[in-house]
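Colleague: Each chain is listed here by its residues.
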Amino acid sequence: MSKRRPGGHGQSMPFLVSYRLEEKMCLAVPGKVVSLEGNGTGKVDYLGTTVLANLSLLPEVKVGDWVIVHAGFAISRLDQKEARRTLKLFKELEKISPAD
Amino acid sequence: MARKKPSRELLSDWRSGPTIRSLLKAISVETGTIGRPLRIMEVCGTHTMTLHRSGLKPLLREAGVAMVSGPGCPVCITPDYYHEAIIDLVTSRKNILVGTFGDMTRVPTARGSLQTTVPAPGSEIRIVYSPEEALELAVKNPEKEVIFFGAGFETTIPAIAFTVKRAAAENLKNFSLLAALWLIPPALQAILESGEVAIDGFIYPGHVSVIIGQKAYRFVPEKFGVPGAIAGFEPADVLLGILSVARQIRLGRPEVANEYRRVVQAEGNPRALALMEEMLEPYEADWRGLGRIKRSGLRLKPRFLELDAVRKFNLQLRPAKPLKLGCRCGEVLKGLIEPVDCPLFGRSCDPEHPRGPCMVSYEGACLIEYKYSSGGRKQ
Ligand code: SF4
Ligand code: SF4
Numbered sequence: 001m002s003k004r005r006p007g008g009h010g011q012s013m014p015f016l017v018s019y020r021l022e023e024k025m026c027l028a029v030p031g032k033v034v035s036l037e038g039n040g041t042g043k044v045d046y047l048g049t050t051v052l053a054n055l056s057l058l059p060e061v062k063v064g065d066w067v068i069v070h071a072g073f074a075i076s077r078l079d080q081k082e083a084r085r086t087l088k089l090f091k092e093l094e095k096i097s098p099a100d
Numbered sequence: 001m002a003r004k005k006p007s008r009e010l011l012s013d014w015r016s017g018p019t020i021r022s023l024l025k026a027i028s029v030e031t032g033t034i035g036r037p038l039r040i041m042e043v044c045g046t047h048t049m050t051l052h053r054s055g056l057k058p059l060l061r062e063a064g065v066a067m068v069s070g071p072g073c074p075v076c077i078t079p080d081y082y083h084e085a086i087i088d089l090v091t092s093r094k095n096i097l098v099g100t101f102g103d104m105t106r107v108p109t110a111r112g113s114l115q116t117t118v119p120a121p122g123s124e125i126r127i128v129y130s131p132e133e134a135l136e137l138a139v140k141n142p143e144k145e146v147i148f149f150g151a152g153f154e155t156t157i158p159a160i161a162f163t164v165k166r167a168a169a170e171n172l173k174n175f176s177l178l179a180a181l182w183l184i185p186p187a188l189q190a191i192l193e194s195g196e197v198a199i200d201g202f203i204y205p206g207h208v209s210v211i212i213g214q215k216a217y218r219f220v221p222e223k224f225g226v227p228g229a230i231a232g233f234e235p236a237d238v239l240l241g242i243l244s245v246a247r248q249i250r251l252g253r254p255e256v257a258n259e260y261r262r263v264v265q266a267e268g269n270p271r272a273l274a275l276m277e278e279m280l281e282p283y284e285a286d287w288r289g290l291g292r293i294k295r296s297g298l299r300l301k302p303r304f305l306e307l308d309a310v311r312k313f314n315l316q317l318r319p320a321k322p323l324k325l326g327c328r329c330g331e332v333l334k335g336l337i338e339p340v341d342c343p344l345f346g347r348s349c350d351p352e353h354p355r356g357p358c359m360v361s362y363e364g365a366c367l368i369e370y371k372y373s374s375g376g377r378k379q
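Just so you know, the protein sequences line up as chains A and B, in that order. Using our numbering, the letters of the first sequence correspond one by one to residues 1 to 100. Using our numbering, the letters of the second sequence correspond one by one to residues 1 to 379.
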């Protein structure tokens with residue numbers, strides 16, 4: 001695995017519940033599509049570790065998209081706009097409901 | 001490796017202290033208004049993991065929320081007799097190659113585990129990360145019969161369906177599937193109908209929901225009046241889900257909220273759902289702990305029977321006599337007891353010597369409890 005292992009201490013990881021990839025059967029992890037390799041597959045980069053994934057369940061996926069990969073298959077796209085919206089909501093909440 | 005850094009927003013912290021604290025505060029304001037503590041079931045083992053590893057459980061308790069673990073792990077709920085059937089086959093027949101996920105190999109049964117069993121000459125058990133890896137083993141080893149022993153919820157089922165479809169299309173004769181495929185909504189319905197656990201709301205599994213979407217849970221508020229929220233797996237995600245459930249309770253308006261919108265679409269993943277529909281059919285499956293539940297499992301449709309390991313090898317998937325190991329996993333999976341309530345927990349059952357599947361799976365409630373709480377530090 002890469003030195004930049006997901007979830008290492010002091011690192012801020014956006015969407016990751018971090019376990020070792022190969023250990024977890026049911027883990028679904030986000031990564032970025034870096035290339036399409038034909039036959040419905042593509043390379044997905046998990047912050048340093050690149051793995052070939054099957055993209056057939058997400059026909060519309062493009063290079064540069066973030067996807068959630070599970071058991072070798074990309075199962076969902078990660079919508080950055082929605083991610084930002086949730087983060088904004090957190091900021092608002094911090095104002096309305098400050099932890100004292 | 002030259003790579004562009006992910007954009008700043010994508011690296012914003014979903015575990016930031018101020019966010020976590022303000023979410024907890026907002027939750028405690030809700031429970032304060034409601035005027036009683038809430039019991040919320042996290043259906044998915046990965047949520048159990050998040051709650052423990054981030055130390056949220058005690059903080060939530062202070063905020064008036066007790067979290068109960070649900071059936072959330074396909075390894076835990078697959079009955080022993082699946083493993084036993086495969087063990088019988090691989091020990092008695094030559095040239096069988098079983099591919100399965102790592103957690104599955106360590107489940108202890110009356111016939112040992114897939115990890116400890118001694119296969120017949122030429123037979124073996126391999127850990128695979130993806131069902132397609134098992135299929136590739138079949139291509140590379142034409143002299144062997146390759147069986148993929150696949151356990152999974154909706155998250156995993158499309159990958160398995162895709163792989164079987166590929167095997168059928170490639171006319172691969174030495175590949176078959178032992179399907180231990182379970183559906184979450186019917187299990188929730190069974191838990192609600194049994195009425196054994198008082199649950200004020202559900203945190204729905206994020207990645208199961210990626211596939212099935214929001215509407216699959218609609219019966220929960222509509223038939224049972226129970227609130228729920230789909231949540232992601234970062235600490236702030238889970239808290240957001242809990243806050244949503246608490247709000248629904250205060251307002252008396254139960255619904256299926258989606259608090260994981262960056263990943264979960266309301267309608268799920270249509271391509272994956274179509275594939276499941278094409279390849280598989282529901283049947284009355286037998287869950288560890290929960291027992292038989294109508295239309296709660298999926299098996300291959302009759303036209304793919306040649307790819308069904310049960311049929312191909314005449315596997316006997318019969319409930320054997322219940323084991324007298326004293327494991328109370330079944331009750332843990334229903335949320336009836338906590339792992340620490342099991343007399344074996346941390347005594348004769350630990351991750352080195354698991355007595356039941358809940359201590360085996362990385363998403364098993366007992367293993368998580370052991371790793372992150374008192375159990376691990378007892379000695
Ligand atoms: S990640 Fe999937 S398989 Fe694992 S516990 Fe959650 S729902 Fe179950
Ligand atoms: S602690 Fe061990 S024996 Fe007890 S319920 Fe959990 S897995 Fe079973």
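Mixed in with the good hints, there may be bad ones.
As the list claims (entries may be wrong) - With a straight-line cut-off of 20 Å between C-alpha atoms, the simulated SDA-like cross-links for lysine to any residue are:
| # | chain 1 | residue 1 | chain 2 | residue 2 |
| --- | --- | --- | --- | --- |
| 1 | A | LYS81 | B | ALA266 |
| 2 | B | LYS165 | A | GLY72 |
| 3 | A | LYS95 | B | ARG15 |
| 4 | B | LYS140 | A | THR86 |
| 5 | A | LYS95 | B | LYS140 |
| 6 | A | LYS32 | B | GLN265 |
| 7 | A | LYS88 | B | LYS25 |
| 8 | A | LYS81 | B | LYS140 |
| 9 | A | LYS88 | B | ARG261 |
| 10 | A | LYS81 | B | LYS165 |
| 11 | B | LYS25 | A | GLY72 |
| 12 | A | LYS43 | B | GLY213 |
| 13 | B | LYS25 | A | GLU92 |
| 14 | A | LYS91 | B | LYS165 |
Said to hold, decoys possible - Just a sample of chain A residues kept apart from chain B, beta carbon distances all over 10 Å, derived:
| # | residue |
| --- | --- |
| 15 | SER35 |
| 16 | LEU36 |
| 17 | GLU37 |
| 18 | GLY38 |
| 19 | ASP65 |
| 20 | ARG77 |
What the hints assert, rightly or not - Simulated DEER-style distance windows between Cβ atoms:
| # | chain 1 | residue 1 | chain 2 | residue 2 | range |
| --- | --- | --- | --- | --- | --- |
| 21 | A | GLY64 | B | ARG61 | 36 to 44 Å |
| 22 | B | GLU170 | A | SER35 | 41 to 49 Å |
| 23 | A | VAL63 | B | THR33 | 42 to 50 Å |
| 24 | B | ARG166 | A | PRO98 | 48 to 56 Å |
| 25 | A | LYS88 | B | LYS215 | 23 to 31 Å |
| 26 | A | ILE96 | B | ARG53 | 23 to 31 Å |
| 27 | A | PRO98 | B | ARG250 | 14 to 22 Å |
Hints in this document: simulated from the structure, not taken from any laboratory. Quick reminder that beta carbons are idealized off the backbone N, C-alpha and C, glycines included.
Colleague: Determine for every hint whether it applies to the structure shown.
Modeller: We went through each hint and held it up to the structure:
1. Taking the CA atoms of LYS81 (chain A) and ALA266 (chain B), the gap is about 16 Å. The hint holds against a cut of 20 Å.
2. Our distance criterion of 20 Å between C-alpha atoms is met by LYS165 (chain B) and GLY72 (chain A), whose separation comes to about 16 Å.
3. A hinted pair counts as satisfied when its Cα atoms are at most 20 Å apart, and LYS95 (chain A) with ARG15 (chain B) qualifies at roughly 17 Å.
4. Distance hint between LYS140 (chain B) and THR86 (chain A) is unfulfilled; the C-alpha atoms sit about 46 Å from each other, more than 20 Å.
5. In summary, the hint linking LYS95 (chain A) to LYS140 (chain B) is not supported, as the alpha carbons are separated by about 59 Å, beyond the 20 Å threshold.
6. Between LYS32 (chain A) and GLN265 (chain B) the CA atoms are separated by roughly 19 Å; this keeps the pair inside 20 Å, and the hint holds.
7. The suggested pairing of LYS88 (chain A) with LYS25 (chain B) holds, with an alpha-carbon distance near 18 Å, which does not exceed 20 Å.
8. Straight-line distance between C-alpha atoms of LYS81 (chain A) and LYS140 (chain B) comes to about 43 Å, which puts the hinted pair past the 20 Å bound.
9. Note on LYS88 (chain A) and ARG261 (chain B): the hinted pairing holds, with a Cα-Cα distance of about 13 Å set against a maximum of 20 Å.
10. The suggested pairing of LYS81 (chain A) with LYS165 (chain B) is violated, with an alpha-carbon distance near 35 Å, which exceeds 20 Å.
11. Restraint check: the Cα-Cα separation between LYS25 (chain B) and GLY72 (chain A) comes to about 39 Å, which exceeds 20 Å; the hinted pair is violated.
12. Taking the CA atoms of LYS43 (chain A) and GLY213 (chain B), the gap is near 26 Å; set against the 20 Å cutoff, the hint is violated.
13. A threshold of 20 Å between alpha carbons decides the hint, and for LYS25 (chain B) with GLU92 (chain A) the separation of about 14 Å falls inside it, so the pair holds.
14. For the proposed pair LYS91 (chain A) and LYS165 (chain B), the alpha carbon gap of about 46 Å is over 20 Å, so the pair is violated.
15. For SER35 (chain A), the requirement that its beta carbon stay farther than 10 Å from each beta carbon of chain B is met, with the minimum near 12 Å.
16. With a least beta-carbon separation of about 17 Å from chain B, LEU36 (chain A) lies farther than 10 Å from that chain, consistent with its non-interface assignment.
17. Interface exclusion of GLU37 (chain A) from chain B stands, the closest Cβ pair being 14 Å apart, more than 10 Å.
18. Residue-level check passed: GLY38 (chain A) sits 15 Å from the nearest beta carbon of chain B, beyond 10 Å.
19. Distance check on ASP65 (chain A): its Cβ is at least 12 Å (rounded) from any Cβ of chain B, clearing the 10 Å threshold; non-interface status holds.
20. Distance to chain B contradicts ARG77 (chain A) as a non-interface residue, since its nearest Cβ pair spans about 8 Å, not more than 10 Å.
21. Distance hint check for GLY64 (chain A) and ARG61 (chain B): the Cβ-Cβ separation is about 43 Å, which falls inside the suggested range of 36 to 44 Å.
22. Our hint of 41 to 49 Å for GLU170 (chain B) and SER35 (chain A) is violated, since their Cβ atoms are close to 25 Å apart.
23. Separation of VAL63 (chain A) from THR33 (chain B) is about 48 Å and conforms to the stated range, judged on CB atoms against 42 to 50 Å.
24. Taking 48 to 56 Å as the suggested C-beta distance range, the pair ARG166 (chain B) and PRO98 (chain A) conforms, at roughly 54 Å.
25. Separated by about 27 Å at the C-beta atoms, LYS88 (chain A) and LYS215 (chain B) satisfy the suggested range of 23 to 31 Å.
26. For the pair ILE96 (chain A) and ARG53 (chain B), the supplied restraint of 23 to 31 Å holds, since their beta-carbon distance comes to about 28 Å.
27. Between PRO98 (chain A) and ARG250 (chain B) the Cβ separation comes to about 20 Å, which falls inside the hinted range of 14 to 22 Å.
Comparing the model with each numbered hint stated earlier shows that hints 4, 5, 8, 10, 11, 12, 14, 20 and 22 do not hold.
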